[in-house]
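Trainee: Read off the chains here:
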Amino acid sequence: MKFLHKCPLLLILSVTAIAAEITGAVNLDKAYAGYEGKTVMTPPLGAVFWGIKEGVYPWSGEEQSVMAQVQPETQNQAANEEQTKEPVPDPQPESESQSEPQSEPQPQSEPEETQPPEEEKTYEFCRVEEDYFDDALFIGDSRTQGLLEYGGIEERATFYCRTSLTVYDLFAKEKAFIREEGEDLTLTQALERHSFGKIYLMVGINEMGTGTPESFFEEYARAVYRIRQLQPQAIVFVEGIMRVAGEKNASDPIFNNTNINIRNVEIATLEDKKDIFYIDVNEAVCDENGNLHGDWTFDQIHLKAKYYQVWKEFLLDHGIVREG
Amino acid sequence: MAGIEMEKLMELNTLVFSSLEFLFRYLPLFLLLFFAVPDRFKLFVLFSCSIVFYALGDPQYVFLLLGMALVNYLFGRTVGKGAKRWMAAAVACNVGLLVYFKLSNAFDASFLLPVGISFYTFKSLSYLADVYRKKIPEERSFLRLAAYLCMFPQIVSGPIMRYEDALKGLTCETYRLTRVEDGLKYLVAGLAAKVLIADRLGILWNDVQTVGFESISTPLAWLGMAAYSLQLYFDFAGYSLMAVGIGQMIGFPVIENFHYPYASRSVSEFYRRWHMTLGSWFKDYVYIPLGGSRKGTKRTVLNLLAVWLLTGFWHGNGIHFLVWGLCLGLLIVAEKLWLGRFLAEHRILSHLYVLLVIPLTWILFAVESLPQAGLYFTRLFPFFGTGETVYAGDFLKELTIFAPTLAAAVLFCIPAVGIWCEKHRRNTVVMLLLAAVFWIAVYRMANAANNPFMYANF
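Top line first, the protein sequences correspond to chains A and B. If you want my numbering, it's the position in the first sequence, counting the first as 1, plus 3. If you want my numbering, it's the position in the second sequence, counting the first as 1, plus 575.
Please note that a few of the clues may not be correct.
Unchecked claim - Derived pair list, reagent style DSSO-like, types lysine-lysine, alpha-carbon separation capped at 30 Å: (1) B:K870 <-> A:K309; (2) B:K710 <-> B:K858; (3) B:K710 <-> B:K870; (4) A:K251 <-> B:K972; (5) A:K5 <-> B:K743; (6) B:K972 <-> A:K176; (7) B:K998 <-> A:K5.
If you're looking for bench data, these hints aren't it; they were derived computationally from the structure.
Given these sequences and hints, build the entire structure.
Mentor: Listed below in structure tokens is the structure:
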């Protein structure tokens, strides 16, 4: 009692800390399986607070949490697998390297598919003017957000973007990331409400810490498929993920250009030159080593404001005009 | 600043107070051990744990630290006898080592400084000078001096506790539970300042840099400057509070390192209230030995400028740090000569002057090179043409996100608020608030540590 009277804060913090430690330790292999403590000295209570952020609680059960984070692969493994893989020119999701029993990971409850006839004409890139963006939609993470703020096309185009947006968020029911006239909409709702002529998509860097290139691409292909279904008239531009600058590339085991390139090669396979086109802004913003120009960025990841013009010009050089 | 020396500590976190590892592993382990052993072993526990933590964080230089502790112990034994030559040798040895490492780092940024070298060198010099001047007796116990120089709560970034103050703790006489409790409160307050305010405002400043100075709107330039000024204060003052709190828990006196500097009414006053232990160190061991203000106006001006140029050199590499020091030196000279009288007479104007001038000087501190600072000033004062691509909404965007943090930061810059909290620290509501704040900070830390980018997602 004397202790409580003299050291109430010490007592409260000790008791709560021990409780949190036990909660974390007991559930570390269960509900918190997705948490990656950095060292042996990292206290398990970190997992509890990580869980609160991720919506994972001790009673959440095992399944959900294991889904939440798949161990990222090392780049070499991923690179080797990549080389043995054939590009798949079909816009449908592919699943050859996945061991899931259902080999067709198509979204359920979809109407039967309408594949364009084989002999349909293909298109090449051409220079377009800014009014090209009048019916364009840009979907992406903070980099696309930067294009919105500094690209100078915010009056023309529509932007559905949010910092740290991932491909997994695009069609997740609970992710209403589009703010419209005081309402929060999911991508499905927004695409049902509006019609676009062109849809640009750049996501993929935030996902690099989780999953494998295969699981990423599977989800990516699924998302593109879904966009196509909701907006069949739109030209879809799948954008290669913008690379990071040299310093980060050299030092980061996950967020480096090797891993970005692996994903970009996969994304490029979605191109059919009819409805889906692959464009890679890295052609315009990278140096001779293939890294994002070091002096074009402060944080090694985002373009400085004035270089968004380069991205915009690149987009204008890569327009697709389908007459008729 | 500590920034350069902190870089390599990130992995093990033995000395990073605002890490889960430190708060829930190293510190509790140390405290349990410290309080479990009999008094006569406490000092040894403090010393050996400090060395172990240091070795885990910076194994490369732990022997340098031990070596310097031994060398300075021996110097202390000789300068105590009033040997001027030995004092000169001791100064040359300590200063030479610090300058060597500083210059190596200046020419090759990949050459990292030994953790805390500035702080243990400053502590050594103050100890030796005080012994030489017979202000304190020489320390006969190596363990005691080494524990003072190496003690982990202060090794990374101070405060630069004087030996005479440290003695109260080093004698290991008085441990009271209420001291542990009060120390813990400082620790929690400092943690909150660092994690909930400084780290958060760091994101705003990071955003400003990500956009690029040439492209920020003028309102954002001002907001960014304010955010950086507050971030710097809460980061360093928060760290100092944590260090002081840990020190208090184990019997050391409370060393005040920041005293609401933004409430000052002149630049001179600001620096008497900002990183106070460094300011008083420069005053006692550089400015006054140079003659201080006793040798005429001209000499005073020169002494002040010399001290501030040194301060600039000590804080970092690059011309902009020297310019920063020089600017402050000139302002302080101006205040000493005539500006001070004017400020003393105009209460509101003097506050506005500090709140304008100090953040402007921080820009020199914040940037990576002098031209960058020039660029930033053209955005603050856009009379000479505008930037290149400016998104007018950038200010509102950032303000919407950071308004609550900025408001909290401004609130805690007001002396009355902090003093009230300190006075009512035993109040149940205040205590429960501290507990809540602690866990919110832990929540932030847990999720920042699990996130490979300390600052943000893309």
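Trainee: Does each hint hold? Answer for all of them.
Mentor: Checked hints:
1. B:K870 <-> A:K309: Measuring from Cα to Cα gives roughly 54 Å; hence the hint is violated.
2. B:K710 <-> B:K858: holds (16 Å)
3. B:K710 <-> B:K870: holds (24 Å)
4. A:K251 <-> B:K972: The given pair, whose Cα atoms are some 27 Å apart, holds under the 30 Å limit.
5. A:K5 <-> B:K743: holds (26 Å)
6. B:K972 <-> A:K176: Satisfied, since the Cα-Cα distance of roughly 26 Å is no more than 30 Å.
7. B:K998 <-> A:K5: With Cα atoms ~22 Å apart, K998 (chain B) and K5 (chain A) stay inside 30 Å; holds.
Checked against the numbered hints above, the structure breaks only hint 1 and satisfies the rest.
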